[in-house]
Amino acid sequence: MRRIAALYAGISHQNRSWNVPKYRKFISEIVYIPEMTETSLQDFDVVLVPSRLHAGLLQKIKPWIHAFAERGGIVVVFWPLAGDVVPEQRWEHRPTNFWWWLDKNAKSGLVLDRPEHPMFRYLTLEDCTWHQHGVFYPNPDTAEKLVSIENDGAIFYIDKPASGGTWIVMSLDPEYHFGSYFMPATERFLDGFFPYIAEGTV
Amino acid sequence: MTDYRDIAVLDSGAELMFESGEQSHYATIDQYELGEADLRPYICLIIGGSCDQEFLTKHRDIVRSFLDEGKIVIFGGHLFRPWLPGGSDFIPREIRSHADYHITIVQEEPFFAGVNPLELTYRKGVAGFFARGHHPLPEGAIPLLTLPDGEPTLYIDRSTTGGTLLVSSGATLLGFDRFEDSTRPITGRLLRWIREEYARLQRSTSENEREEVRG
Chain A
152 MRRIAALYAG ISHQNRSWNV PKYRKFISEI VYIPEMTETS LQDFDVVLVP SRLHAGLLQK
212 IKPWIHAFAE RGGIVVVFWP LAGDVVPEQR WEHRPTNFWW WLDKNAKSGL VLDRPEHPMF
272 RYLTLEDCTW HQHGVFYPNP DTAEKLVSIE NDGAIFYIDK PASGGTWIVM SLDPEYHFGS
332 YFMPATERFL DGFFPYIAEG TV
Chain B
5 MTDYRDIAVL DSGAELMFES GEQSHYATID QYELGEADLR PYICLIIGGS CDQEFLTKHR
65 DIVRSFLDEG KIVIFGGHLF RPWLPGGSDF IPREIRSHAD YHITIVQEEP FFAGVNPLEL
125 TYRKGVAGFF ARGHHPLPEG AIPLLTLPDG EPTLYIDRST TGGTLLVSSG ATLLGFDRFE
185 DSTRPITGRL LRWIREEYAR LQRSTSENER EEVRG
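Protein chains in written order, with the working numbering: chain A, 152 to 353; chain B, 5 to 219.
Derived from the structure by calculation, the hints contain no laboratory data.
Please note that a few of the clues may not be correct.
[Unchecked claim] With a Cα cut of at most 25 Å, we get these calculated SDA-like pairs of lysine to any residue:
(1) A:K213 to B:L141
(2) A:K213 to A:S179
(3) A:K176 to B:E98
(4) A:K213 to A:T293
(5) A:K211 to B:A18
(6) A:K311 to A:K173
(7) B:K128 to A:E277
(8) B:K128 to A:S179
(9) B:K62 to A:A206
(10) B:K62 to B:K128
(11) A:K173 to B:F84
(12) A:K173 to B:D153
(13) A:K211 to A:Q193
(14) A:K211 to A:K176
(15) A:K176 to B:L83
(16) A:K173 to A:Y347
(17) A:K173 to B:E211
(18) A:K173 to B:F94
(19) A:K173 to B:I95
(20) A:K176 to B:P96
Take these sequences, add in the hints, and give me the full structure.
Shown next as structure tokens:
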């Protein structure tokens, strides 16, 4: 099992998502961001960066997260976040499609770009489907898009940039919704995603 | 719109466009600057559910003293650390059907006269918008809204401190002015209530001080 650090900023939804026993068992340590130092991530293989972080805190720890990736670490980034966070970030805002599923015969508009990818042994398209916060246009030379909006950008991709490490980036916020007791699909997502990042082929 | 610069919103600092709009009429304090902030200009402090409760626990004395000056604190979110006077940890409701989210108005004043409780519970037919659990009532507090088994999702507490707490297990009530239904007046009523409540608190604080001088 990979050693996973879950970053935490004292927010109630993070507290629930990281501490509920079925996810806590995958997490080696919950790291309180305001007390982080540049050595806080040195013992881990994976770091989880939650959505909606305080912009100043995020800027403070960004060099440490990038250094962690450059040493070969896996960085998981949930979204929305303020500012530049991931390498070569190309993100575009899209109005959040909170209500698409209320329309008759609605489609979420999401497609799997690589259904054969090992992650989809753990997750289905439905597990990744609630609403997304914008789209990414990752570097096609280094990144694999896994889930996209049809004829638009990616909402989930894995990048192995020249600078090092693996970046798993999504415009999804499952830890926010599960931790807020809202949106059941986000629980199915985390049920599959935790075992995937703990042991799956990234 | 009227300026409400005597009301301070503790800003979670996420700087996300879809969340910042409703804060613009109020003063804002970055949550991590609470320790250094001069709170004297403010009559009310509004704290949302995306704030750092570890940090607030470290600075709980600031929240307590603010209240004891005869001021108001409004919290909306899920408590899980002991920083809010009178506050207990959030208890989620076990959900078997959407009816488990139904809100009952047990006290119409000062915010909910004429408000349809179904419009608090549902948005576009989806249940659970107002609250998905509750905080147990502190002694002497008044419940305003409840879940189906009487769990208070919004209460006013004038007993625990020298000020007034308004505690919601959902949102803070600041966002209703963007809706076009019976819930729309709630935010305006809240803002008027803050001023009236503050005036009442300050009157009773100065009466108590006169008592002490006489005693």
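Consistency of the hints with the structure:
no. : hint             : in the structure
1   : A:K213 to B:L141 : 41 Å, violated
2   : A:K213 to A:S179 : 21 Å, holds
3   : A:K176 to B:E98  : 23 Å, holds
4   : A:K213 to A:T293 : 21 Å, holds
5   : A:K211 to B:A18  : 14 Å, holds
6   : A:K311 to A:K173 : 29 Å, violated
7   : B:K128 to A:E277 : 22 Å, holds
8   : B:K128 to A:S179 : 40 Å, violated
9   : B:K62 to A:A206  : 21 Å, holds
10  : B:K62 to B:K128  : 40 Å, violated
11  : A:K173 to B:F84  : 19 Å, holds
12  : A:K173 to B:D153 : 29 Å, violated
13  : A:K211 to A:Q193 : 17 Å, holds
14  : A:K211 to A:K176 : 28 Å, violated
15  : A:K176 to B:L83  : 23 Å, holds
16  : A:K173 to A:Y347 : 14 Å, holds
17  : A:K173 to B:E211 : 55 Å, violated
18  : A:K173 to B:F94  : 20 Å, holds
19  : A:K173 to B:I95  : 19 Å, holds
20  : A:K176 to B:P96  : 22 Å, holds
Figure legend: structure checked against the earlier numbered hints; hints not met, in rising order: 1, 6, 8, 10, 12, 14, 17.
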